[in-house]
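Novice: Protein chains in written order, with our numbering: chain A, 1 to 318; chain B, 1 to 246.
Quick caveat, the hints were computed from the structure, so don't treat them as lab data.
For each residue, glycine too, the CB sits at the ideal point set by N, CA and C.
Some hints could be false.
[What the hints assert, rightly or not] Some but not every residue of chain A turned toward chain B, in silico, with C-beta under 8 Å:
1) GLY49
2) PHE50
3) ILE51
4) GLU55
5) ILE70
6) LYS73
7) ARG74
8) TYR78
9) PRO80
10) PRO87
11) PHE97
12) GLU100
13) ILE101
14) ARG102
[Stated by the list, open to error] Lysine-lysine pairs mimicking DSSO-like chemistry, simulated, CA-CA at most 27 Å apart:
15) LYS221(A) with LYS3(A)
16) LYS243(A) with LYS270(A)
17) LYS5(B) with LYS110(A)
18) LYS3(A) with LYS135(A)
19) LYS110(A) with LYS135(A)
20) LYS9(B) with LYS110(A)
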Amino acid sequence: MIKVQNLVKTFGPKRAVDGISFSVERGEVLGFLGPNGAGKSTSMRMITGFIPPTEGSISVGGFDMVENPIPAKRLIGYLPENAPAYPDMTVYGFLSFTAEIRGLAGDARKRAVNRAVEMCFLEAVLHQSVDTLSKGYRHRTCFAQSIIHDPDVLILDEPTDGLDPNQKHEVRTLIRKMGEKKAIIFSTHILEEVDAVCSRAIIIDRGRIVANGTPQQLRQKSDWAGAVTVRVSGVSAAEAMQKLAALPSAKRAVLLKEEATSATVRIMPKPGVNGALTQNVADAVRGWRIEELHTEEGRLDEVFRSITMPDTVKGEAK
Amino acid sequence: MNNIKTIAKRELLAYFASPVAYVVIVIFLLLTGFFTFMLGGFFERGEATLTSFFIWHPWLYLFLVPAVGMRLWSEERRSGTMELLLTMPITPWQAIVGKFLASWIFLAIALILTFPIGLTVNYLGSPDNGVIFGSYVGSWLLAGSYLAISCMTSAMTRNQVISFIISVVLCFLLILVGFPPVTNFLYQVLNFKPWLVEIIAAFSVMTHFDGFQKGILDSRDLIFFLSVMVFSLFTTGVIIRGHRAG
Ligand SMILES: Nc1ncnc2c1ncn2[C@@H]1O[C@H](COP(=O)(O)OP(=O)(O)OP(=O)(O)O)[C@@H](O)[C@H]1O
Ligand SMILES: [Mg+2]
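Extracted from the complex, chain B is given alone in its bound form (with noise of 0.2 Å):
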């Protein structure tokens, strides 16, 4: 346990060194402010709830998140500090969750810097603080099971090019098996097996997040979320087991 938590401290203070972390957080939040309130309409809608905020979550990460996760092991990798770690005396797992433990905190510190949104709707109207708490608690595990799988594809390659691009395009896969014109065009095609189409899209992050955004908090999406990290996590592992195998 101590072991994670050094591990997480170092990764964490790295970021903060990097401009990667300023960059990023700033990223987000024009973004975020930029959808939310030109592209969803805030103020339009009239309604004292984020939805316009949280909707745009799965498409932003898909592009921050594995600018944040890219670097996990690539550059681990590629400095030859991966060599240093690995024998000192903790096991590969406590490596693997402390690095990720420390960029999701990293995730939770940008998205805890929207906190301004939360106020802005708590002014204008009364809304419903338990949905935007799930919401938030969803966001985030949304983010975390991006973070996963850049985690795994940083640790297949020492390029942190090739790692951001596949993994944006694997969490793009996890949103395109839900996303209504997909599974659209899917009860089409599989037009005798819609409970084809119902599983295909339960991989989808998208129908996960959906709950947590009505403030239904069901523990079925909560275990998606947990076992895409869990996964990918020990997916990790495996990789980095097999480079060092030879």
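Only chain A is shown next, with the shape it has when bound in the complex (with noise of 0.2 Å):
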């Protein structure tokens, strides 16, 4: 549904977004992380029409954004970051005026305007004006504004911010929920969410696409990714730790916590081992009384932290 290919836009001498390509397909949930300043929202104002590429080429639906822009943006629903919204208007007015600028009228656009105030749960505040809503809700009206014409696409950038726990969940379920319809691109930095509801997760950083993959391939670049921890007894911490760092698949042993009677041990792969360590781990404490032994998936959050400040990262390692 949607394809980009080699996108780049400059700000003067600034590249913002820097040779981006990838393509989501009906009933995919893409999922873009990236720190601030990225380039995430500049490339969801390109895909969206708002501001045009300084190169490369944008097709929605298999029409041209930039040739073509109406057929295109009809498919689309957006959320702009900030959820913006007339100040002036009342919140019904608001929806019944994104309806009919979406080309519907009367009835449909009344079922319309229902339907999106039911999922977002707008009933109370439909008759407030936007200007005094809670940023919640606001952010709520913006969001149903995107939903109103039930498109095939949806670009919603950081489309929880501002939400309560309870809203989060609900707006989460129901992303995932049209994804199964709907091809959707999705801004956060909210890491669990994407486990939650991506199919497939892109890091971004300055302008360039770093990583990309599904939440399971992501989290398997992390140095933790296949990491083994035991925590044994009936055995001194020392020698636990010597014969465990000593294993062939090991790259080494970090000793977590030491009792007086257990010690945990955290044991790295070396890179490209995959499964092997798990094994090695289980044969070497074999005549060890074993309390906990479990296998670490790696963590999103460190994936995220060494691909996007890869210094720092290393830094803090040594």
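Put the complex together from the two separate chains, hints included.
Specialist: Pasting the structure below:
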């Protein structure tokens, strides 16, 4: 549905987006991750046709966004960053305006507005003016605007920003459910959201894609992925450390906790050993009393940090 | 066409949802009354015309029209709704024309509300209502020209005050180049080239508004006002495209 090729945007000498390519099909939810100023919002603005790209091409549902913007825009629902809405309108007035401009009229328009109001829980503020709404409600109003015409493509810039935990949960559920039939791109700074909703995630840093994969694949980029943590007793911490660090598939072992009767050790895998480490550790600890043994999955926040701030993270590791 | 209507409708409702509309209308009515009766000497003239009413319009509009137009695009940029509007399936022209039309209709409403003055002259004497009607049309076209200029300056900046000041200055220039004291001065400075002065004066709204006030419907006057509007709205489009291109 969405196909982006070699997208570049320069602001003066600055390359805010620097050669991004990806595509999103129907049924996919693509998460956009990246530090502040990475170029997430700028990419979204180009995909939705708000700003023209300096270079590269964007096609939405087969329509080129630069050559043929109207049919392309018709397919898109867009929630911009900061959720703008006309302050002098009521929530109802605003939603019917956006429905009307999307070409809905009469009964169809009423139904569309009611459906969006229901999905975003706006009944309570329906006749309140937008500039008196709380931040979360304004966000939901703008979100309602983006789904009012039941679009095939949804572009959401930080859709859960400013929402309370219940609403965050609702919006995530909604995105996941809509993602079954639509192509969705959404950006977020909340990494647990990636696990909760995305079928795929892209990490952008300084305008470039630095990682692209399912949340599972990204997690495996972590140094931690495949690390094994064991808590053993009936053996001294030093002896356990020595034996575990010497395993052929182990890079190093870290003593996490030492108690009177037990020791907790984390063994980091050598790159590329895959599942072998768990087996090696299990063999090595035979004869000791095992109180706990598990394999780490790798953590997204750690992957995120090591990819987007490689120098600092390496510094910490030393 | 439908999109223009939708946008114009929203914009017009927005005027009446804010105090701007009422303040502008009330001030406009008060000032026209004051100028017509106190300064214009409406009664002393003893003529059944509205000359003393229309003669002030270029000056009144100078401040009131930019006040109406200054928010058109600067507000849209400041609050970020421009991003919503321009990612809707509409062309930027539809948005520009729709918003312009809404404010122009709003000004028409303010102008129509001065009808009691028309009734008054008709009650007191027997004026040439054709001339009055022509003057109203001219006045509305004049307001539209100022408005298009305000529209353009409001696209330049997200600051409404700056937008207001620049459009007042531009509109003032359009008055000045045809204002008799200035044209006389120009005749003296450019004394060998009166044709140059004529050309300069041809860019003045005064020159073209005059005809309407006399009840002469000259297509050149009409074309002048329409081209000021088309040019300014076109420039608005260029400015908006420029912002988006970064
Ligand atoms: N109109 C503009 N003019 C100049 N620079 C801009 C403009 N818009 C964005 N930038 C720059 O482009 C870079 C990318 O900005 P962008 O808003 O896309 O970041 P982001 O990834 O969305 O960040 P955040 O997580 O903070 O929302 C930033 O350095 C920003 O300063
Ligand atoms: Mg952003």
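Novice: Which numbered hints are broken by the structure, listed smallest first?
Specialist: 4, 18
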